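For reference, the chains in residue letters:
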Amino acid sequence: MFSQLWQKHNLHTEDLISGKTPFILIPNVISKSTCASLSEKIFKNYKTIPGPGMKNKIGTSLGSHIYEKSKYFLNSKKSNTYTQNIFSDSHSPLKSMHQIISQTFQKQISTASENEMSYSECVIRIHNDRDSVHLHRDNCNFEMPDYTVSKYKNQLSAILYLQSPESGGELTVYDKQWNRYDERSRQPDFGYSFDLVNGVSYTSISPIVGNLVLLNPNFYHKVESVSGHKPRVSVGFFFGESSTSKLSCWT
Amino acid sequence: MADIIWGTVTKVISINAFEMNVSHQKDTNNDSYQDVEEIYFTEVDIPSIPADEASRNVSDIEQNLKDKFVKCEISGRNSENRLVCVVSHSGAGGY
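Note that the protein sequences, when read in sequence, are chains A and B. In terms of this note's numbering, the first sequence has 224 at position 224, counting the first letter as 1, and numbering is strictly consecutive. Each number in this note's numbering comes from the position in the second sequence (counting from 1) with 1000 added on.
Mixed in with the good hints there might be a few duds.
[To be verified] Ranges of calculated distance between the beta carbons of each label pair, as one might list FRET restraints:
#, chain 1, residue 1, chain 2, residue 2, range
1, B, A1054, A, K77, 30 to 40 Å
2, A, S204, B, S1079, 50 to 60 Å
3, B, M1001, A, P27, 43 to 53 Å
4, B, Y1033, A, K95, 46 to 56 Å
5, A, E116, B, Y1033, 43 to 53 Å
6, B, A1002, A, S102, 44 to 54 Å
7, B, A1054, A, S227, 50 to 60 Å
8, A, S88, B, E1053, 46 to 56 Å
[As the list claims (entries may be wrong)] Derived, one-sided and incomplete: chain A residues facing chain B with beta-carbon distance under 7 Å:
#, residue
9, H136
10, R180
11, G228
What the hints contain is simulated information worked out from the structure, not anything from laboratory work. Just so you know, these numbers come straight off a predicted model, no measurement behind them. Just so it is clear, CB atoms sit at the ideal spot from N, CA and C, and this is done for glycine as well.
Using the sequences and the hints given, assemble the complete structure.
Structural data, given as structure tokens:
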């Protein structure tokens, strides 16, 4: 049953990669007090830009620059400086995420680079009242062949929740993986028709502060609408095997 | 404003033509279009496809367009009944 998914911090990473299980939930990666101070710092400093399917994010992502490679790397440099500044004199959630992933997969992890230019190392997503993200899947193998990271194998995503909303904002993961023929059900701006997941079982993951989700992003997923004045805040990136012993991450 | 349709590329016919399944049509289009249309593209806003036709081959076009979801801005029909379009990829399925 999809509702009995593997949810333990264990070494069943092969199940995640193969799609036998769509996600692994690792609780309490960083403390609630650290998350609170990070969120406070983000709100004091943040300048957000719209992203695909959402209104507010800090950081650059490939989805906004599918065919603007030089602009992507220019913006990555800026956004990496910005996020490093946010996390500079406090606990870095990225460091914690990298450590956990490195331990879990038994591989080194670092930010991807191409021609000595660094990819964007993370995106901080801020969902305000009534914000949601439409049904989608993430797969740069198919959509972004101009980027080196599109060649990396076994691509996964990591999401750490820094602030929970008053209600809503769950990550809904459907028990259905994307295949290229699903492109026929694309929406012009972003994501896919809900017809693709009609009747498909799903699991809802609450955005609990300090929890890390490792997701196989080839499974269809969406973010439910947030309710209340307290925004949902998460930090995330994608990662994949750049070699047999190394993982590289990007957004 | 030009009519716009969206859909997936099902077959590459030549270095400047393909067949597509039309899944979306702009609400304010002046004409309506068939579920399957042949597209003749005059411009392609996809950097990995060379603007210069002499530098293209069908294999490259297939690699870049086959099964992809594209946006076609229509300027008319040619003598082969193909829609004459500017073609670009449309949005993102994710990310």
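Numbers of the earlier hints that this structure fails to satisfy, in rising order: Hint 11 alone not satisfied by this model.
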